[in-house]
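> Letter by letter, the chains look like this.
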Amino acid sequence: MTELPILLGLALSHKVMFGTALLGSMAGIVGSFAVLRGRSLVGDMLAHSALPGIGLAFLILGSRSMLGLSVGALASGLLAIGAVTVIARWTRTKEDAAIGIVLSTFFGAGVVLLSIVQKPGIAGNKAGLDSYLFGEPGNMLTGDLVILSGVGAAVLLVVALLFKEFKLVCFDIDFAQSQGWPTLMLDLLMMASLAVVTIVGLPIVGVILMAAMIILPAATARFWTNRLHLMLLLAAGFGLAAGPLGTYFGKGLPAGASIVLAGASFFVISVLLAPQRGVLAQVLAEYQLRKRMTREHLLRSLYELSESNLPELTKLSLKSVRDYRHWVSLEKLLEQEVEKGTILRDAEHVQLTPLGLRRASELTKAHRLWEMYLVQFANIAPDHVDRDADAIEHLLPEALLLELEQKLADEGRLPYLVAEVPLSPHDLGSGTQDSQR
Amino acid sequence: MQFFSDIVNPSAGTWIVLTGAATNVACAMVGCFLVLRRMSMMGDALSHAVLPGLVVAFLLSGSISIVPLFLGAAAVGLLTTFLTQTLHQYARVPSDASMGVVFTSMFAFGVVLVKKYVAGLHFDIACVYEGSLELVPFAEPIAGLPRPLFTTLLVLLANLVLLIFLWKELKLSSFDANLATTMGFSATALHYLLMTMVAVTTVASFEAVGSILVVAMLIVPAATAHLLCDRLSIMLALSAAVGIAASVLGYWAAIYWDTNIAGMMTVAVGMLYGLAVMFSPRYGICSTLVSNLQMSLRVFREDLLAMLYRVEELDASKPLTAAEARKALGSGWQSRWAMANLFRAGHIDRRGDQLQLTDRGRDDARRLVRSHRLWETYLVEHLGMPLDHVHEPAHRIEHFIDEKMLQELDAELKRKGQDPHGREIPE
Chain C
1 MTELPILLGL ALSHKVMFGT ALLGSMAGIV GSFAVLRGRS LVGDMLAHSA
51 LPGIGLAFLI LGSRSMLGLS VGALASGLLA IGAVTVIARW TRTKEDAAIG
101 IVLSTFFGAG VVLLSIVQKP GIAGNKAGLD SYLFGEPGNM LTGDLVILSG
151 VGAAVLLVVA LLFKEFKLVC FDIDFAQSQG WPTLMLDLLM MASLAVVTIV
201 GLPIVGVILM AAMIILPAAT ARFWTNRLHL MLLLAAGFGL AAGPLGTYFG
251 KGLPAGASIV LAGASFFVIS VLLAPQRGVL AQVLAEYQLR KRMTREHLLR
301 SLYELSESNL PELTKLSLKS VRDYRHWVSL EKLLEQEVEK GTILRDAEHV
351 QLTPLGLRRA SELTKAHRLW EMYLVQFANI APDHVDRDAD AIEHLLPEAL
401 LLELEQKLAD EGRLPYLVAE VPLSPHDLGS GTQDSQR
Chain B
438 MQFFSDIVNP SAGTWIVLTG AATNVACAMV GCFLVLRRMS MMGDALSHAV
488 LPGLVVAFLL SGSISIVPLF LGAAAVGLLT TFLTQTLHQY ARVPSDASMG
538 VVFTSMFAFG VVLVKKYVAG LHFDIACVYE GSLELVPFAE PIAGLPRPLF
588 TTLLVLLANL VLLIFLWKEL KLSSFDANLA TTMGFSATAL HYLLMTMVAV
638 TTVASFEAVG SILVVAMLIV PAATAHLLCD RLSIMLALSA AVGIAASVLG
688 YWAAIYWDTN IAGMMTVAVG MLYGLAVMFS PRYGICSTLV SNLQMSLRVF
738 REDLLAMLYR VEELDASKPL TAAEARKALG SGWQSRWAMA NLFRAGHIDR
788 RGDQLQLTDR GRDDARRLVR SHRLWETYLV EHLGMPLDHV HEPAHRIEHF
838 IDEKMLQELD AELKRKGQDP HGREIPE
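Note that the protein sequences, when read in sequence, are chains C and B. Throughout the first sequence, residue numbering follows this note's numbering, covering 1 to 437 in sequence. Throughout the second sequence, residue numbering follows this note's numbering, covering 438 to 864 in sequence.
Be aware that one or more of the hints could be misleading.
Unchecked claim - Straight-line distance between alpha carbons at most 35 Å, and here's what the computed DSBU-like set of lysine-lysine pairs gives:
no.: 1; chain 1: C; residue 1: Lys94; chain 2: B; residue 2: Lys605
no.: 2; chain 1: C; residue 1: Lys340; chain 2: C; residue 2: Lys15
no.: 3; chain 1: C; residue 1: Lys15; chain 2: B; residue 2: Lys552
no.: 4; chain 1: B; residue 1: Lys553; chain 2: C; residue 2: Lys251
no.: 5; chain 1: B; residue 1: Lys851; chain 2: B; residue 2: Lys841
no.: 6; chain 1: C; residue 1: Lys291; chain 2: C; residue 2: Lys319
no.: 7; chain 1: C; residue 1: Lys319; chain 2: C; residue 2: Lys340
no.: 8; chain 1: B; residue 1: Lys608; chain 2: C; residue 2: Lys251
no.: 9; chain 1: C; residue 1: Lys15; chain 2: B; residue 2: Lys553
no.: 10; chain 1: C; residue 1: Lys94; chain 2: C; residue 2: Lys167
no.: 11; chain 1: B; residue 1: Lys553; chain 2: C; residue 2: Lys94
no.: 12; chain 1: C; residue 1: Lys291; chain 2: C; residue 2: Lys167
Since the hints were made in silico from the structure, they are not lab data. Please read these numbers as outputs of a predicted model, since none were measured by experiment.
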């Protein structure tokens with residue numbers, strides 16, 4: 001391949017940025033499918049097992065042309081995928097071990113071949129072969145950029161044409177198969193596009209770092225969305241940004257490594273900050289759940305303590321509340337409830353307000369309904385259900401509550417107030433008879 | 438890369454083979470558990486992830502002496518395991534992806550550290566990959582052994598001690614982690630311990646053999662042994678043997694072709710695995726193919742016998758012709774082979790164009806038809822299946838009903854004389 005930097009009018013550094021961005025976005029897209037299919041490490045395997053193909057191609061061609069070497073790499077990568085499939089399907093060896101075996105054996109063979117190729121006396125320009133191991137973005141030629149763009153366009157075309165099919169294969173391959181789709185072909189096509197991208201990326205970022213480019217943007221994108229098309233876009237975006245950022249900030253450092261570290265920092269940020277799956281969001285959600293649970297426990301305790309005198313609202317002594325169950329910080333809890341208007345309190349006493357009574361009776365209802373369920377359907381002894389119900393009452397779905405409510409009412413154990421929902425003042429039409437119960 | 442065709446002298450070669458063998462055995466000891474726990478890729482991950490640990494240990498201690506390197510490796514092993522687990526458990530990253538994210542990032546970090554602080558010093562990433570077994574005989578000796586050999590022997594010893602003291606715990610937690618936990622061993626603690634040992638083994642092996650050979654030796658000998666046996670103790674012994682064999686074979690081949698020794702050992706162990714895949718007596722592809730073939734021949738034979746019996750039962754004066762039988766069975770080579778088997782064994786006879794059961798053949802066929810019809814009766818009477826649904830399952834299972842089951846069926850069905858279609862059940 002001839003070097004034609006003037007053709008595109010790009011300086012080397014711009015070329016590197018352009019190339020790594022292109023590679024990153026492609027890797028993000030094919031990597032998303034790999035991560036969703038539980039094949040994150042296949043990229044790693046492909047990258048390693050391309051080596052013997054590169055050595056052989058070099059032996060045959062006697063020169064470092066990206067196209068020739070890539071064809072060799074692709075061939076041995078596909079052979080490796082085939083070997084893993086055969087081993088995992090036909091023998092006792094599990095898929096993870098199969099991947100490891102093929103990866104290391106192929107790589108070992110590659111090292112052997114390269115050491116033969118690089119012996120003095122074998123003609124040809126050997127410079128650049130090592131770049132397949134460690135990556136050398138600086139070696140990128142304009143021709144390589146053209147190949148990269150071509151591969152990128154092809155991958156995009158395949159993904160765009162087969163988006164629906166790939167989606168189904170990713171999320172429910174059994175269903176796809178039962179619908180009569182050629183799942184094996186689709187799966188292979190997915191793997192093949194992964195292989196192609198991995199192999200064009202090898203000389204740019206090297207073996208391990210290519211494996212990282214496959215996983216990192218996709219795993220990062222997964223944190224932000226549950227929708228496939230958004231995930232693909234995001235992964236492409238993260239991959240796109242990692243290349244230029246890494247090369248820009250990593251001046252003087254190995255380019256492949258700094259690109260991966262840029263990708264890794266996106267990942268870390270996402271792990272911490274992503275809205276639903278992020279660590280902070282989860283910690284926050286758990287804190288709120290805990291807070292709600294203690295509050296619900298307080299209201300239910302107050303209800304149970306005043307239950308014997310209902311519908312009168314009893315003034316309860318603080319001591320009786322304190323003794324009723326274990327509290328972590330009762331004072332603060334009571335304060336919050338006073339603010340919410342669910343209880344009244346003075347120095348010694350506490351009392352539910354009518355609003356508080358309504359809330360508390362709903363909560364007690366949920367608790368007792370669940371206790372019923374445990375006794376009737378899970379055969380748990382009545383003296384064991386209280387604690388189990390305590391743990392789960394906050395998470396019960398509405399439909400289940402309604403179903404069990406009737407049973408409880410039949411036994412005359414429905415807590416006070418909940419049965420007294422007034423009738424609607426207007427006509428609800430037919431078909432809503434149930435809701436007027 | 439350099440070549441040392443001058444080291445073919447026996448003593449240097451012996452050191453190399455010994456070092457390779459010690460490394461392989463040390464790796465195989467922990468590798469067996471990786472393979473059994475389906476965490477083989479953890480070997481690959483750890484062997485890359487230890488890089489920053491090595492660099493930091495090297496920077497802090499200013500030397501490449503053994504103790505700081507091991508401490509660095511152990512620390513990184515724990516960290517990698519922790520990060521992988523945590524990402525999987527709390528951030529819901531799929532376990533393979535979390536492994537991939539962690540080890541590639543750590544490796545990249547290590548590469549940056551090397552470039553920034555250690556460049557030009559005694560630290561070559563290519564060497565981490567490919568190792569320098571060739572140089573082992575020239576390494577400074579410790580206690581009369583070349584340093585890499587000494588280090589790996591040390592780790593091998595540590596691994597063996599660990600195995601002996603935690604034998605039943607490791608065994609139990611590998612095969613049934615939940616049971617281990619309910620019995621009071623912490624499967625998690627064992628997991629971390631094992632991963633630390635993998636990391637330490639990896640590092641011990643780096644200097645001599647490089648990461649490819651380590652990754653290969655952690656997984657391949659164990660997987661090979663797993664194809665050959667069903668007992669953990671035998672698996673460990675076999676995997677050690679495979680490791681030693683790979684070292685000898687690999688060295689010999691590398692000298693013969695004058696190429697990289699560690700790479701050749703990897704190829705050698707891959708070949709050994711390939712042999713096991715093909716020819717393992719119980720789990721190999723060949724034996725599976727042979728037993729599949731035997732099974733399908735048996736089914737063809739028995740189907741033909743039963744068919745002839747039914748035709749005879751229907752109208753003894755109109756026997757089946759060979760052409761009709763072939764049409765019914767399918768005309769593949771297996772059915773032809775099966776028919777030839779029956780002729781040779783004297784189960785059927787050919788009279789002109791027609792096939793006839795011999796007395797021996799009739800006995801066998803009667804048994805099969807009896808199995809078939811008893812099973813049909815059973816399906817109808819005890820499982821309440823409709824009449825038109827029982828032939829297929831009976832047809833499939835008739836080949837697998839043994840004498841004991843026949844007797845049980847007979848007793849269960851109170852010696853019925855007829856199947857649900859009204860045909861006689863032969864005695």
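> Against each hint, give a clear statement of whether it holds in the structure.
Hints and how they fare:
no.: 1; hint: C:Lys94 - B:Lys605; result: holds, 23 Å
no.: 2; hint: C:Lys340 - C:Lys15; result: violated, 62 Å
no.: 3; hint: C:Lys15 - B:Lys552; result: holds, 23 Å
no.: 4; hint: B:Lys553 - C:Lys251; result: holds, 11 Å
no.: 5; hint: B:Lys851 - B:Lys841; result: holds, 15 Å
no.: 6; hint: C:Lys291 - C:Lys319; result: holds, 22 Å
no.: 7; hint: C:Lys319 - C:Lys340; result: holds, 22 Å
no.: 8; hint: B:Lys608 - C:Lys251; result: violated, 50 Å
no.: 9; hint: C:Lys15 - B:Lys553; result: holds, 25 Å
no.: 10; hint: C:Lys94 - C:Lys167; result: holds, 26 Å
no.: 11; hint: B:Lys553 - C:Lys94; result: violated, 40 Å
no.: 12; hint: C:Lys291 - C:Lys167; result: violated, 39 Å
Of the numbered hints listed earlier, those contradicted by the structure are 2, 8, 11, 12.
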